[in-house]
Amino acid sequence: MRKYSVFAVAREALRGHKGWGPHWASPEPRPQYDVIIIGGGGHGLGAAYYLAKEHGITNVAVLEKGWIGGGNTGRNTTIIRSNYLYEESMDIYEHSLKLWENLSQDLNYNVMYSPRGVMMLSHNIHDQQSFKRHINANRLYGIDNEWLTPEQAKAYCPPLDIAKSARYPINGAALQRRGGTARHDAVAWGYARAASDRGVHIIQNCEVTGIRRDETGRVTGVDTNRGFIGAKKIGISAAGHSSVLMQMADVRVPLQSQPLQALVSEPLKPIFPCVVMSNSVHAYISQSDKGEFVIGAGTDQYNSYSQTGGLQIITHTLDAICELFPMFRRVKMMRQWGGIVDVTQDRSPIQGVTPVPGLYLNAGWGTGGFKATPGSANLFAHLIARGEPHRLAAGLTLERFRTGRLIDEAAAAAVAH
Amino acid sequence: MSGVNRISGAGRLTPARTARFTFDGRTLTALEGDTVASALIANDIHLVGRSFKYHRPRGILSAGAEEPNALLDVSRDAARRQPNVRATVQEVFDGMNVSSQNRWPSLAFDVGGFNDLLSPFFAAGFYYKTFMWPKAAWHNLYEPFIRRAAGLGVAPTEPDPDHYASRYTHCDVLVVGAGVAGLAAALAAAKAGAKVIICDEQPEVGGALHYDSGTVVDGKPGYTWAQETGKALAGMDNVTVLTRTTAFGYYNHNFVGLVERVTDHLAAIDKTLPRERLWQVRAKKVILANGAIERHMVFANNDRPGIMLASAGRTYLNHFGVSVGKQVGIYAAHDSAYEAAFDLKKAGVAVAVIVDCRERPGEAVLAEARSLGIEVLTGHSVVNTTGKLRIASITVARNGGGGARKIAVDALLVSAGWTPSVHLFSQSRGKVKFDAATERFLPGTYAQDCLSIGACNGTDDLQATIDEALAAGELAARAAGAEGGGQVALTGQNAFEWTGGMIGAAEGAGPDTTVKAFIDFQHDVCAKDIRLAVREGMHSVEHIKRFTTNGMASDQGKLSNMHGLAIAAEALGKGIPEVGLTTFRQPYTPVTFGAIVNHSRGSLFDPARKTPMHAWEEAQGAEFEDVSNWKRAWFYPKAGENMHEAVARECKTVREVAGVFDASTLGKIEVVGPDAAKFLNLMYTNAWDNLKPGRCRYGIMLRDDGFVYDDGVVGRLAEDRFHVTTTTGGAPRVLHHMEDYLQTEFPHLKVWLTSTTEQWAVIAVQGPKAREIIAPLVEGIDLSNEALPHMSVAEGRICGVPTRLFRMSFTGELGFEVNVPADYGQAVWEAIWARAEPMGACAYGTETMHVLRAEKGYIIVGQDTDGTVTPHDAGLSWVVSKKKPDFVGIRGLKRPDLVKDGRKQLVGLRTKDPKVVLEEGAQIVADPNEPKPMTMLGHVTSSYWSPNCGRSIALALVAGGQARLGQTLYVPMADRTIAVEVSDMVFFDKEGGRLHG
Amino acid sequence: MADQAMAIRKAPLAGLRGGSHAAILTPAAPASRISLRAAKDAVPALSAALGVTLPLRPKTSASSGKRHALWLGPDEWLVIDEDGADLMAAAASSGALHSAVDVSHRNTAVIVSGPGAEVAINSGCPQDLSLGLFPVGACSRTVLGKAEIVLFRTSEDTFRLECWRSFSPFVFGLLSEGAEDAAH
Amino acid sequence: MLLIYCPYCEEERSELEFRNAGDAHIARPTNIAEITDEEFEAYFFLRDNPKGVIFERWRHIHGCGRFFNAARDTVSDRFLTTYQAGEPKPDLNAQPKTSATLETYDEALEGAAQ
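For the protein sequence lines, the chains are A, B, C and D, in the order given.
Numbering follows the numbering used here, in which position 353 of the first sequence is assigned residue number 353; successive positions increment by one, without gaps.
Numbering follows the numbering used here, in which position 897 of the second sequence is assigned residue number 897; successive positions increment by one, without gaps.
Numbering follows the numbering used here, in which position 141 of the third sequence is assigned residue number 141; successive positions increment by one, without gaps.
Numbering follows the numbering used here, in which position 77 of the fourth sequence is assigned residue number 77; successive positions increment by one, without gaps.
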């Protein structure tokens, strides 16, 4: 792999950038792999990378039915934070945040992790109680998260309207300074490049149509539109399509796939320095390096694989944004889009073994998948390599829906992921 | 004079009607009806902006919504400033101020232009490969630099003073686009009797007829026919004609969003008018007549000001009477551009040359050019241009090399052919198909009830377009159920038949990697960038788009998509359909947030629910808190009191005398029917059939998973009638939850549910003197302990109006909750207050209510529980029936994790130092010296200073809490560690004697 | 004992006037209302007791003088008596199995009248209010912006719009903006 | 924004009047207190989440208030049918072609031309 650096770019600039090779190889699939990962998003590509890097398993294929990074990896609002409430959540999101902090250097690919701070607005006493619960839990767990007064919040994010007369006045905010954003495409491409360099096969336009098992029930491989591909172990990391794939192995899972929309404004000169989220009014917003306001909307209320949603969802988000930032009413929406998120009933992910030997599931990240990418990928690789979960992901099992040991961030916190 | 380039006698504007505006501080004269673009060109200004990345000088490229370059800042006053306005769409009004963007210090001398020199370094995707060292530098150094350079306009900094309107509307047929096709279809649909809406983004109907001077429809010049038809349609009762109205989004089930620009073109604005109006149209049938967008030619340095689309040149001339230059060149791969030369020549403008990269243009246009004496170079290409801030010359060479010749021009009109506008069709999730013969994507499989006609459907011939439109209009009307008899026949003819078209890079635009042949002007994407992306392994069109950012600018690739695709296909050695088209997303052109949210702002953003006594509370100086949508009185500070003092006073007063509290927001549901008790048996954990009429009981409601969902007091008014109360925030979802079980699981039960939250104003009177306060006002109810004991309810009258009077208490004191019909709430409250105040009682708010109930260890669902708490965890096992065979949650409660030891249980906490008040949300540990990450046992759910106990009190969820009574635990805060003792939850009047007065 | 004057009634929109020449907004006078629930077999007895035939077809109403019965659902009617008569007693006299709940004070109403009434309401209501689909006498529960309403067309250009009392300032405010826009 | 036919109001109405209520035809076990943990998990948590036809419940919460069932294609979001609560799962192959199962206009035009 050619190392990327400012010197390499400068050298190439002098010769018309003719020397760059492909980010990743596009090989024909082998008949048999040690591990197949279904789903070429950040989680799947990352898991392949860590399998190769940390577990020495390089006979790995990532099968992607479309183009890599084209699912939720490329459709989210790129928010990164780890200030969750429960230990299970803090474990995995903080593990992830620590990986984010070094990811560009690790991958030799600039993923543009930008710790610009994630600020969650508190609008009432209930929010305040909940945020303080988070802040205290985070502090005792070694995760940064701090309470700001309205004036401190305004100082951190000048466009904020902190007038007491607002319909939802701001009585404070929780700020995680290490939180921020990253460049979504770069995550997929960076992992793909680094994994490919270590021998992982990245196979695009390869749709899995069946999961084959032997007489003991153990997986043997997958049927695809490019034929049968054998594997000793299969990891499913397909976000919105997890249920569909698990059905191929005759396993029903506690997941629902719903449309999640987002939008960007026209590009504007920098005015918005951080990420702001408000659960009470249902909005989150940041400004991209290109100057676009990146705004996340909510999920539609029904299951859908259509990657589209209703205008009323966008409206609901924008009226909240305009209420918080009245000067943005003249800003224009440039592009809106939708993804498919798979959500569990406790709004926490599933990562673990399944009833099918050799089949591993990484799913249910809902609206929190992007921020978890490196951590989830890293621990998923561990799970696949060792056949049992890493300590930091031990609570995320499928089993919890039977035992009732849920990790109910939404119920406990009323904070959007 | 309205500009040096205005040609007397040309165009359709009235020379006498002028308007003045400023551009970068310079005052200019325009004509009414000008766009900013036409007015600038009339004043010989082509340079209007700088590009995004290289800061190259840019001019006006188009005359329509597809404009990628001419994005300007337009303002009426300081607060009414709009960045990124397309000069080609914005109409001039007298007094407007226009400024260029993304340049410093000036448009002509922009320091950012230095980037152009560094452009070899700034290749597509370069930022992924660098800026990684040292680690922190990305965020601290590189990113701020990149951010400052990026972005276009400057965001507004003042709240928007304008307002916006919204209309939901329905129609049989929605026609998008009012060119020939749209007008003909609308006419046919309207004559057939359908309810029709036709919209067009331009100020008047006509579409391409604005410039297409040779077109004849119904025996008249096309433009004239269009205006007459538009008027005729507007005059029909069943037709709505919306101009300046863009159909921006096609959503599910034929729901189409339109935005109408109402005042942005007016010099003086009527303040009652909305700035923009959002139309949310549900159409039975949609007819898409979006037309086609002309493509530019991709060649070296094709971005200089003065280079523009041929049809734009015709629009400026034929509609606005403005010549784009004095010595105009044409560079084309399509016949349509020839007509621009003809129009210019006929208007007396010098046409330097027509360069046609094809060997064989259409014979008719070639013959006409020759007969007009225009030089035509077929089989030639423009291989370079010169001119710093405006094009000065083109270099023309024979295809295949040789014979380069420099020709002086001050404008160059280009056309690579036409791209059908399939944006809305694609938004409707219809699938496009590639027509190899004409190299264009056309509507293929339809996903919704719509039909594309005319140019956006690939129909070129005018008569064919008209026939298709008329058939579609009538068919749509009939399918929507219209039964009118009118039929329409129309004829139409173009001046010339058009052939040709190309996509991708023209001769001389590569593969040389130093040539800047622009595809996407706004994002500075060149042909070489696409090739680089392919070399770097980006083989999907989506990857190429994202790697190069081609088509991701504010014009959303209207000009660039096809070119980018063709170049990528060539580089990949694949056919265009195999590479595929990127998805078109809403909106078609950018839409203001204001239009989308329209009325939803300020008091109309979200209903602020107020109780019948709100005005009184406000007059008393109460502070309010938000609880779900309600505004609740929080505390009532007296002069000079802070919150702590006010609450302390209220707390003492209630226990010593009495207090009056507005409890109206509590949810109320009337459960009526012979099976009412049976139903409540299923919905609550405890038993209801043994509750006697006139008595009340506290109930806990679970979800089927066993966790606490809501709670409240339920009164039985009669055998078949219960008055159920819920938490304030829980009211709507509890009713929904109960309806769900009633309708779908227990439909055999004869019982009905009605929300009565707002029927009743609820006045809680609590404290030793409560009975004395209300007694004289009450008729027909014996208030004695014997007749109306704790937890009972009676109906009678108070202050002459009906009441449901509850004897109950959330304070631990003797208490009543007076329910009266809401319109009487304030009057009854005032009557009670008139008795209470002289006795020394107070009005108290939610904060005091919280303290008083915590003193008694009463929980608040949602504060002391959080959706992960069972009734057993909350110390409410006594509310869970052990005898009932079924209730919602019965099985969930038995799951392994819900019955195991060590669950978090609700307990009391007493700080060792009684003066220290814990923070709500503080975490609890056993070992304060454990290093991080510490083992947290639980958290403080409620914590107050208790004036009545003279110490702090707290409730907490603690792992294995019941087994820890008496233990010392620790609350580590940032600045200190607080020792606490685990206790029971009742801090005041443990025996409960005060309840009985 | 009860020596006080009877409490004075204060309606939530008392004293408000609004709208435009296209759509005039007037708070309706206090009225008595019940939410009536019953199975189909109880309808004849209830109709007789109330003196108005409970409609059985969706989106329809029946009126008898100033008493109106609005179909809201297959077993649900909103009965309004503009004279304030005791509807609870009337329903009780039917002898048929039903649920009647007094909601006179829960609801309040705005009368929207004028040629722009439809447009004013459509500023926040997604239903098709054209006369063909929503004729005189039609009624429906629906939404207006973020509030739930019951809409009842009493003449070609007049609607009675019922909502819960705490939503009425929001409803009145949104209708005011809709009425202003309807004037253009 | 979806357009939903309410089988009680007998009319198509905007999605704004409705609330989705999850999967249809999942009956609460009548002996729920006795079922196993696995059976409870299946009842309360496990779902098919199909890519294709889903049978789901809606409530016309801001209309007639009734819960009803719908068959919808989760890929196109098109409703195949809606029906009253308590009715059995319909045989979708036997459904008459409704306006919801639209033909393309291309086909319609061809039909008109012939």
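Since the hints were made in silico from the structure, they are not lab data.
Accuracy of the hints is not assured; some may be wrong.
To be verified - Per the computed footprint, the stretches of chain C lying under chain B, defined by three or more beta-carbons under 8 Å from a beta-carbon of chain B, are: (1) 27–38; (2) 54–62; (3) 82–94; (4) 100–106; (5) 114–128; (6) 164–173.
Being a predicted model, the structure only gives us computed values, none of them experimental.
By construction, the Cβ of each residue, glycine as well, lies at the ideal position given by its N, Cα and C atoms.
Hints versus structure:
no. : hint    : in the structure
1   : 27–38   : holds (count 3)
2   : 54–62   : violated (count 0)
3   : 82–94   : violated (count 0)
4   : 100–106 : holds (count 7)
5   : 114–128 : holds (count 8)
6   : 164–173 : holds (count 7)
Violated hints, in rising order: 2 and 3; the structure is consistent with all others.
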